[in-house]
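There are 2 protein chains.
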Amino acid sequence: MKIRNAEILCVGTEILIGDIVNTNAAFISEKLALMGISQYYQAAVGDNPVRLENAIREALGRCDLLIMSGGLGPTYDDLTKETAAKCMGRRLVLNEEALENIKKIFAFRGKEMTRNNEKQAYIPEGSTVFQNGAGTAPGCAIEDFENGKIIIMLPGPPFELKKMFSEQVMPYLTRFTDKHFVSKNVNIFGMGESEVESRLKGFMEDSVNPSIAPYCGDGEVRLRVTASSKTVEECESLVTGAIERIKASEVGSVIYGVDTTLARALVDKLSAFKKTVAVAESCTGGLISKRITDVSGSSAVLGYGVVTYANEAKVKLLSVKPETLEKYGAVSEHTAREMALGVRAISGSDIGIATTGIAGPGGGTAEKPVGLVYLGVASDKGVRVIKLMLKGDRDRVRVLASSNALAEALREI
Amino acid sequence: MKIRNAEILCVGTEILIGDIVNTNAAFISEKLALMGISQYYQAAVGDNPVRLENAIREALGRCDLLIMSGGLGPTYDDLTKETAAKCMGRRLVLNEEALENIKKIFAFRGKEMTRNNEKQAYIPEGSTVFQNGAGTAPGCAIEDFENGKIIIMLPGPPFELKKMFSEQVMPYLTRFTDKHFVSKNVNIFGMGESEVESRLKGFMEDSVNPSIAPYCGDGEVRLRVTASSKTVEECESLVTGAIERIKASEVGSVIYGVDTTLARALVDKLSAFKKTVAVAESCTGGLISKRITDVSGSSAVLGYGVVTYANEAKVKLLSVKPETLEKYGAVSEHTAREMALGVRAISGSDIGIATTGIAGPGGGTAEKPVGLVYLGVASDKGVRVIKLMLKGDRDRVRVLASSNALAEALREI
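These protein sequence lines map, in sequence, to chains A and B.
Its first residue numbered 2, the first sequence is counted upward by one per residue in my numbering.
Its first residue numbered 2, the second sequence is counted upward by one per residue in my numbering.
If you're looking for bench data, these hints aren't it; they were derived computationally from the structure.
One or more hints might be untrue.
The list makes no distinction among identical chains, and a pair is therefore deemed to hold if it is satisfied within one copy or across any two copies.
What the hints assert, rightly or not - Each computed DSS-like pair below joins lysine-lysine, with the alpha-carbon atoms no more than 30 Å apart:
no. : residue 1 : residue 2
1   : K276      : K248
2   : K185      : K270
3   : K388      : K3
4   : K392      : K104
5   : K275      : K105
6   : K120      : K392
7   : K276      : K369
8   : K87       : K202
These numbers were taken from a predicted model, which means no experiment stands behind them.
Using the sequences and the accompanying hints, generate a full structural model.
What follows is the structure, given as structure tokens:
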């Protein structure tokens, strides 16, 4: 059988009452898109057997492959397997390997296995089982080749789901697909979505294969370029051609990379030039360091970071002059300059970046409102300070300030 | 008209191909739950007019209130308003106030308004308009009181949607509801979901109003206690009673707060005791400082943080002895101890916390595998080091290490 289209059905009242953000749907969607399996619809339903059954039957009426996540836990309201098995006319049977895995995990954790955990080892009869390498609940695929329908069930915890999907479900699915897709993101910082699209309008509208779609968030724009073809090589070539055209356009100057992030692009460029960066943070409170060290391999380019929330810390760790703080205040061009110079000096790094600003919600004045951030960048070229006026709540001001800092550091290399 | 149940329909191909995580659905769901509006089903559909129309008609067949997000942008594939208006038999008309708002935003940004932005000012005839305080696309509600149906359309960017929903849509919706809900979360760290549930099993199963539901993620467990009643006071009293019972149970010792986070609980407790904390981070790379400074008001309790990724930084900023690094290595009990003592000393804080470990994916050995983290905690009681063996990828190891650090700091006060 060939899978033409899939749907995702996430199970859990916690989704419907907004207790969790559905990251599983996004993860699975991205992988399905890469495998060339179309998805036109996705849904979430609560832990209610009647509504769950209706949702499964409706989805199976529209798609060949239904991927479900959640509701495989040990608790009494976890009903996904029972309900899916009912829809496919199967009964649940004990899977010995799954039971062994559950026992092992409890032994490793040094915790007592509770009776309700055994329930997790029961699987719909005749299923392909995906053992759980990171948790207790096994996943499985119930196949009904006669009617061309497959239901895959995956555990809800994102870490378990991701591991199982990448390592077991994707290889399993390749036997049911024959089309290839390649998708790449052109990363842009420093130009809004409307402006990007306006400058590329004709080109974007005319692009069918590869298609070009703009996405924005946290002050960044991504252009997703996606090609489909019978071979991966042909997809790659189509995508590369479109990216070259975008780079050569008016948008070219604000592109900072392809399939990357500001932090990763910075780590990569510093590594390539054998340079280092050090970070001094006031209003961003560690976020810049955190984003840089999110990148594996960042230890080669970042050795030092300081969070100088207190004025005293700015003086003690960064040698900011007490007079500067007194005369101009902690949130000032002068302080940002001395912080950047200070962190560069103490660390012996090639580039020093610093932030000081008002993240809010408190602390703003008419003269220095919430959202005012000074960004210092020091290098062997000297030191410069950028004044930012950022709109948004505390989180957003901090994220945008850190993104601007990463972008300026990138520019400085 | 009274709204009994709602559905959310998020529009955007970017959701179906996994380009964005659907945080809007979680946000709206949480607010609806608090307003006592039930939601049994939620869905996402792409920017395709036929499938979008089908999804709207199906949802309207099941619910009284359909909340849609996304697809109000300036670009040619933004079709939500057009399609919803068609389903409700309305045409689009220019809203002058929305047009003025768009013009103002472009003037404020100092950018040229492109022709496609005008499209955003068109609204279904007779709608209640929600002007956008944070972006260009207005939202609106199309009401069909005769058939007891309302469609609300909101912009896709989360910051715009949240602001509009909280400030305008929630007050608008109160006229269509009459039941109150109160929900609180009991926060637990240091015990797994199965164990929590096992210890509270009878109580949780018997609890209908308030209901008690367990959620887990990132090493934490939350018990959500939700009561419904005709008055808020009665809800509060039901919830408080259940929380008291949970606190008095065997689970009581691992509860760190109600409706809080580890970082917020730490900031609150430090503030209450007029104490301060300083953070020295190696493997967590700024994440602990970032989590603490996420909390508004944290500047009163955290003045100093250092990210000492390099050995040299550990020596220079924290006075870790070079001999210690040589003899035991950077990832060792001894180094964690000296880092915690060092950051406490340099900052003059009451508590010093430090992390050093192998976050992975590289850098692990048989003796010191990925996931090994030493956590140092120094205070006037002395210094102690906790050895953690964490399972997961780089992100998860860092998150779990930082959560453990916050929990240990909380314990130390």
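Here is how each hint holds up against the structure:
| no. | hint | verdict |
| --- | --- | --- |
| 1 | K276 <-> K248 | within (26 Å within a copy, 53 Å between copies) |
| 2 | K185 <-> K270 | within (19 Å within a copy, 46 Å between copies) |
| 3 | K388 <-> K3 | neither (56 Å within a copy, 50 Å between copies) |
| 4 | K392 <-> K104 | between (52 Å within a copy, 17 Å between copies) |
| 5 | K275 <-> K105 | neither (46 Å within a copy, 45 Å between copies) |
| 6 | K120 <-> K392 | between (50 Å within a copy, 24 Å between copies) |
| 7 | K276 <-> K369 | between (34 Å within a copy, 29 Å between copies) |
| 8 | K87 <-> K202 | between (50 Å within a copy, 27 Å between copies) |
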